[in-house]
Amino acid sequence: VEVFARNGLQVIAAEVDAEAVERGRAHLETSTSRAVGRGKLTQEDADALLGRITTTTSLADLADADLVIEAVPESLDLKAAI
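Using the working numbering, the first residue of the sequence shown is number 4, and each one after it goes up by one.
Just so you know, these hints were derived from the structure itself, not from any lab.
Among these hints, one or two may not hold up.
Derived Cβ-Cβ restraints for the label pairs, each shown as a range [what the hints assert, rightly or not]:
#1 R28 with L62: 27 to 35 angstroms
#2 L79 with D48: 36 to 44 angstroms
#3 L12 with L62: 13 to 21 angstroms
#4 G42 with E73: 32 to 40 angstroms
#5 V39 with L79: 35 to 43 angstroms
#6 I85 with G11: 23 to 31 angstroms
#7 G11 with R37: 32 to 40 angstroms
#8 A83 with E47: 40 to 48 angstroms
#9 K82 with G40: 17 to 25 angstroms
Note that the Cβ used here is the ideal one computed from N, Cα and C, for glycine as well.
Full structure from sequences and hints, please.
Right, dumping it as structure tokens:
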């Protein structure tokens with residue numbers, strides 16, 4: 004998610020529930036803050052990067068996506084369900 008957003012793409016990150024969405028968002032904020040602290044991103048660029056990321060718990064929100072990258076744990080049942 005972060006790599007694509009860092010390169011200027013609009014990203015939709017789908018998670019299984021609201022708690023997972025919050026954990027993911029917190030991870031992104033920590034990562035971008037670290038990059039700002041190290042001088043790898045300006046605060047303006049970090050804010051823009053985070054602004055390009057939309058989070059959801061509904062796979063239906065991916066219906067109009069041009070590219071979907073599946074990144075779920077290695078569980079065949081889970082992969083089949085998704």
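Now the hints, each set against the structure:
1. R28 with L62: 27 to 35 angstroms: Violated, since R28 and L62 (Cβ atoms, about 18 angstroms apart) do not stay within the stated range.
2. L79 with D48: 36 to 44 angstroms: 39 angstroms, holds
3. L12 with L62: 13 to 21 angstroms: 19 angstroms, holds
4. G42 with E73: 32 to 40 angstroms: For G42 and E73 the Cβ distance comes to about 34 angstroms; the hint holds.
5. V39 with L79: 35 to 43 angstroms: Check passed, 40 angstroms falls within 35 to 43 angstroms.
6. I85 with G11: 23 to 31 angstroms: With a Cβ separation near 27 angstroms, I85 and G11 satisfy 23 to 31 angstroms, so the hint holds.
7. G11 with R37: 32 to 40 angstroms: 20 angstroms, violated
8. A83 with E47: 40 to 48 angstroms: For E47 against A83, whose Cβ atoms are near 43 angstroms apart, the range 40 to 48 angstroms holds.
9. K82 with G40: 17 to 25 angstroms: 37 angstroms, violated
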